[in-house]
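> Going down the list, the sequences are from chains A and B. Position 331 of the first sequence, counting from 1, maps to 331 under the numbering used here, and the rest follow consecutively. Position 161 of the second sequence, counting from 1, maps to 161 under the numbering used here, and the rest follow consecutively.
Treat the hints with care, as some may be off.
You can't tell identical chains apart in this list, so a pair holds if it fits in one copy or across any two.
[As the list claims (entries may be wrong)] Below 25 Å or equal to it, Euclidean Cα-Cα: the simulated SDA-like pairs (lysine to any residue) are:
(1) LYS274 with ARG127
(2) LYS274 with ARG35
(3) LYS165 with GLY226
(4) LYS165 with GLY112
(5) LYS264 with GLY316
(6) LYS274 with ASP126
(7) LYS165 with PRO259
(8) LYS264 with ALA81
FYI, nobody ran anything at the bench for these hints, they're computed from the structure.
There are 2 protein chains.
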Amino acid sequence: MSAAPQAVEAGLALESAVRGGLEDYARVQARAARRYGPDFVALWEIAAQTMTGGKLVRPLLMAEAVGGFARARSGAAVAPATVIDTAVAVELLHYAFVLHDDVIDGDLMRRGRPNLIGTVAAQHPDRHAPAAMHWATTAGILMGDLALSGVYQTFARLDVTTQQKERLFALLDHAITETVAGEFADVGLADGCLAPELGTILAMSANKTATYSFAWPLRIAAVLAGQGREVEEALASAGRHLGLAFQLQDDVLSTFGDPARHGKDPDSDLREGKQTALIAFARITPAWTDIEPLLGCDTLTDAHANALRAHLEACGARRFVEGLVDESMGAFRDACADPSSPIPPQVRAVLADAADRLHERQS
Amino acid sequence: MSAAPQAVEAGLALESAVRGGLEDYARVQARAARRYGPDFVALWEIAAQTMTGGKLVRPLLMAEAVGGFARARSGAAVAPATVIDTAVAVELLHYAFVLHDDVIDGDLMRRGRPNLIGTVAAQHPDRHAPAAMHWATTAGILMGDLALSGVYQTFARLDVTTQQKERLFALLDHAITETVAGEFADVGLADGCLAPELGTILAMSANKTATYSFAWPLRIAAVLAGQGREVEEALASAGRHLGLAFQLQDDVLSTFGDPARHGKDPDSDLREGKQTALIAFARITPAWTDIEPLLGCDTLTDAHANALRAHLEACGARRFVEGLVDESMGAFRDACADPSSPIPPQVRAVLADAADRLHERQS
């Protein structure tokens with residue numbers, strides 16, 4: 001499905017407004033950082049670069065949904081400044097999670113470029129010393145804390161009613177708790193602390209990604225547009241289906257996608273022995289005896305990684321997870337198409353566009 | 001100075017009320033964690049134990065100052081529930097910083113007992129595997145995030161005026177920024193990224209500890225008691241002097257104090273090569289040639305640690321830092337005794353008591 005030229009133009013304008021909001025946010029923080037010395041300013045400058053380099057999927061989904069409510073003339077008008085400030089907060093939460101996730105995973109790259117940790121490490125006088133990684137990891141933890149705090153500070157300053165603000169705070173609490181629980185389970189699975197059952201893995205995927213990346217931005221849009229709880233819940237449910245499809249597709253792309261497009265190490269999930277739905281399926285097939293010895297092997301060679309990919313393909317794991325993606329996408333489309341859904345058609349159109357973009361992505 | 005029996009009794013009642021508030025907070029979180037499985041519940045149970053084991057210096061200072069304003073019949077009365085909820089938030093921020101600090105320093109103990117990280121690691125099926133430490137460190141990062149978020153959530157639900165809430169949010173922003181900047185400098189000094197000048201070390205100490213541990217709780221008390229900005233600033237200034245004295249005294253106790261009382265490894269600052277005021281002074285004395293080769297040595301023996309202590313003593317570093325402690329304490333007492341100070345006498349009495357307790361401590 002290709003969007004009309006005006007829609008593309010409006011989308012680009014929105015994207016550049018959100019990016020501008022993030023740049024402004026980081027600039028104000030970098031200026032305030034001056035009283036703590038040049039290293040703290042430099043840290044904020046690195047944050048500004050790495051924070052604005054993404055696709056802004058989450059804040060754009062929120063902002064586009066607010067636009068959908070406006071076109072439906074449903075609820076209250078939302079001031080553009082409020083939308084942009086909220087979008088900044090939505091991306092800041094993502095940035096905080098990404099930073100702490102990168103610390104936990106020991107990742108120095110994101111989207112094919114050094115992340116904040118990799119950039120700080122490279123600036124150390126002796127970049128290969130253990131102290132360089134320690135300093136860089138510390139920067140990742142602390143900047144994550146600042147970004148998390150920044151979400152709350154930005155929400156607290158929004159020009160919305162007291163009732164809306166209370167709801168936004170409650171939703172933020174829920175989003176953070178679900179994401180942390182999902183991340184904790186993700187690491188617990190990888191570290192052998194939780195039994196890698198498919199149900200556990202699917203719940204983890206939904207908690208870790210679907211809530212804060214899809215359900216949460218959509219709920220926020222409903223709150224800003226003055227919608228009732230029924231609309232908010234319908235959006236959250238649709239968002240969770242879409243988010244689970246997104247996360248499962250991400251697992252497939254990480255292992256089978258084109259590294260030139262997704263910018264990640266294509267073997268890292270296999271080398272880490274990450275417990276994805278692919279692996280949970282493979283475990284109950286005869287191919288497991290060939291997969292198990294290689295999976296999670298520190299010294300995994302390219303040939304071994306390719307062999308693992310071939311096994312996962314042959315045993316039907318890839319097809320199975322692609323089936324789950326289709327199933328979640330189907331549930332999402334059903335939720336949108338339900339004639340009794342309280343979501344206005346203009347907002348459903350936003351959801352459908354987002355789903356098309358996600359489904360067609362290669363990275 | 002020994003407090004009157006009633007005062008001791010009132011202090012103990014307050015301490016037990018604050019501890020009860022923290023236990024309630026953790027219990028509610030543990031209950032909500034059930035939907036994410038037993039491991040997430042267990043994490044909150046470990047948090048409950050490790051969160052309530054401290055001396056609660058920060059929340060008690062805040063609560064006692066609020067009591068001082070009440071006795072002075074200055075400003076508005078504060079509901080006891082508001083004081084306890086605020087106290088919980090104050091301790092939660094400390095807990096969040098302690099957790100992330102322990103991750104950064106790789107510490108598994110606090111106050112002579114396993115901290116959250118040490119406890120989680122010990123529960124891993126194979127506690128000596130690298131996965132056990134990874135899982136435990138992840139728990140430390142994520143629980144720190146939940147505690148940081150909990151501070152904001154608790155503040156957001158306080159039954160105070162909109163103006164007070166806005167001020168509390170602004171103060172929290174400031175406290176988090178200063179502490180993060182101080183921690184970043186602390187690690188930067190240890191990792192050789194910042195020149196270890198005495199001025200940098202003193203600014204780092206004030207930012208890292210004095211603001212959130214002393215100035216911030218006192219400012220909060222002023223806000224809750226409906227005081228104007230003048231009283232708040234006077235308290236913050238006194239709190240910063242007291243906090244710097246506390247941090248410098250901590251550096252002296254960590255190296256020269258009785259480990260049976262402070263519960264820490266007495267050689268860890270020396271083994272890590274921590275850049276304290278002791279070391280900054282020693283660096284500009286002839287003793288440096290004897291100190292430098294041993295400081296920050298991974299394999300530091302007891303005999304070497306004792307030799308380092310003897311050098312730091314003989315070169316005058318200990319005496320110098322104890323002099324700085326006295327100087328900060330003097331500035332604090334002068335601020336309290338200043339007849340033109342806007343702080344009511346009943347609140348100054350609270351400050352004086354806190355200073356006496358801190359000055360006499362051995363741990």
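> Next, verify each hint and record whether it holds.
Hint-by-hint comparison with the structure:
| no. | hint | in the structure |
| --- | --- | --- |
| 1 | LYS274 with ARG127 | between (29 Å within a copy, 20 Å between copies) |
| 2 | LYS274 with ARG35 | between (42 Å within a copy, 23 Å between copies) |
| 3 | LYS165 with GLY226 | both (11 Å within a copy, 23 Å between copies) |
| 4 | LYS165 with GLY112 | neither (37 Å within a copy, 42 Å between copies) |
| 5 | LYS264 with GLY316 | within (24 Å within a copy, 54 Å between copies) |
| 6 | LYS274 with ASP126 | between (32 Å within a copy, 18 Å between copies) |
| 7 | LYS165 with PRO259 | neither (41 Å within a copy, 48 Å between copies) |
| 8 | LYS264 with ALA81 | neither (35 Å within a copy, 50 Å between copies) |
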